[in-house]
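Undergrad: Chain by chain, the residues run as shown.
There are 2 protein chains.
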Amino acid sequence: MTDIALGIDIGGTNTAFGFVDRKGNCLFEDSIATQTHKDVDLFVKEIYNKVHEALKKYNDVKLIGIGIGAPNGNFYTGTIENAPNLRWKGVIHFSDIFNKYFNLPVFLTNDANAAAIGEMIYGGAKGMKDFIVVTLGTGLGSGIVVNGELLYGHNGFAGEMGHVIITPDGRQCACGRKGCLETYVSATGVKRSVYKLLADNLEESELRDIPFNKLTAKMVADAANRGDKIALKTFQHTGRMLGEVLANTVAITSPEAIFLFGGLAKSGDLIFKPTRYYFEKNLLKIYKNKIKLLPSGLDDNAAILGSSALVWNELDKI
Amino acid sequence: MTDIALGIDIGGTNTAFGFVDRKGNCLFEDSIATQTHKDVDLFVKEIYNKVHEALKKYNDVKLIGIGIGAPNGNFYTGTIENAPNLRWKGVIHFSDIFNKYFNLPVFLTNDANAAAIGEMIYGGAKGMKDFIVVTLGTGLGSGIVVNGELLYGHNGFAGEMGHVIITPDGRQCACGRKGCLETYVSATGVKRSVYKLLADNLEESELRDIPFNKLTAKMVADAANRGDKIALKTFQHTGRMLGEVLANTVAITSPEAIFLFGGLAKSGDLIFKPTRYYFEKNLLKIYKNKIKLLPSGLDDNAAILGSSALVWNELDKI
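Sequence lines, in order, name chains A and B. Heads up, the final residue of the first sequence is numbered 403 in my numbering, and it's a clean run with no missing numbers. Heads up, the final residue of the second sequence is numbered 403 in my numbering, and it's a clean run with no missing numbers.
Read the hints as simulated data drawn from the structure, not as lab findings. All C-beta atoms, glycine included, are put in the ideal place defined by N, C-alpha and C. Among the hints, erroneous ones may be present.
Said to hold, decoys possible - Residues from chain A that face chain B, not an exhaustive set, calculated with beta carbons under 8 angstroms:
#: 1; residue: 215
#: 2; residue: 233
#: 3; residue: 234
#: 4; residue: 236
#: 5; residue: 238
#: 6; residue: 242
#: 7; residue: 244
#: 8; residue: 245
#: 9; residue: 246
#: 10; residue: 257
#: 11; residue: 260
#: 12; residue: 333
#: 13; residue: 334
#: 14; residue: 339
#: 15; residue: 365
Isolated chain A (complex conformation):
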């Protein structure tokens, strides 16, 4: 009998879920569209039915808990609170709804925190007690582990590095303020930087043929790899912003390592080189050349792994 955790990653478009064992092997994986159900109860029921069916195929496993990573997930209350990308508005008592269907411990946190726990349990942060995971997706999230524990803070929403204001009166952010890091460093931030550079410069660029709504961060990376100057400058600028905020965050939390996770992190040297340069340039002397800046050690199913890791992390404490 193998103990397994159900990991669920709720994204704006898709919700992925799967069974993961203690070593991080993903035995089963499936997904449903997040936005289909107006009624959140029916959304959970659909997951329950799929999980229930899947469990029948495994005789030798025992489901011991559920870990959920969700935008604006609050670990303390098991709620999803005013998530801008989800259709369920207000404060949703998500863990309670899962408890109606599953008679199992349910742990919920935001997706970046889940990624950090995943990194600690299965990934590159094994054995580390102080580290940061930065998730680079549509926005920028961060999970900060201090002294072996996730930093939740007083209200459960600590670790919002994406909403550190780096440029007062800078770019408009979805949070209602201006100049937040994620308006510069994220897939969306990269697009905005491309358009700013196209406006400010006269250089030829293949990106001049792509409308804003069609442009993806991947296209910018591909153009940069072909030597496109606007694309290269975009990554330089993105890395500068990220490096500066990471250096400031180090002064506050003193981590051993920082992991970059998500699509943008997969562009390799394009993002790592400038980020590392400006990170080191802005670090306090005592930290220079001492803090590892690494790609996430989680590969496929990273989001499911991260969510499932919550279960092991919490049950290990008991």
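Given the structure of chain A, go ahead and fit chain B onto it with the hints provided.
TA: Showing chain B alone in chain A's frame:
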């Protein structure tokens, strides 16, 4: 028999020490000049002799431990490392030297961390698990408590909010970089801002008669209270810088309250009003009007209280 802790606050000029009971009553207090002894061993011996003499006057007390707050103090190693304001250079194994003289547990940390523990044990943060203490002196220090524990980080030097870079290529900082918060928000920062404003503006000001080396933050506060426009603008600017960095730090650590400690904090509304304004203005929506910004609840002997509090905090854990 009353248990007492010896609290020692090592400053650039004076070292204050005293006996403090569990409730925060300071039974005895004394100080020596920090810089007299080239040999750190003789410095510790002088404290030992004074403490030894003082103890003779109290029959009913039992000294149970020593808490030391020191610039660049490292809690993990009990060392003072490359403190710019002290004459003892390099890495000084301070706790070890104390152990030679006193057969007692010795706990050492930096002065801002000691202030934070003092706030938690005796001051306004009693019962709080997530809060920040900002010490405003010659420089700017911070002690960050998360989940009831000081945030030390991987190397023991977390919580250096004074070295968050707020203005890239801004004012030269003693740390070798530019634009650190403490070059704007500290007694020295206030002086620098006065001189910048005197240079940029034509307004009359009583501060135009005071040379840089004679000017103190207290003089600037007094001038502001008399309506001096340059002095008022200085506090406005100082509060803006502090409010912005505090709001960014809240996004990272999510505290319940922030306490301002030290000389500048005693200028009351002059510093609190602009700080609170820019703090609230820059906070993420979920935090607005929810985080207390307060003066330290420690009054006299605050530095000795803070250092002694380390003892209760650590011995309570055992």
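Undergrad: Could you work out which of the previously given hints the structure breaks and list their numbers from low to high?
TA: 2, 10 and 15
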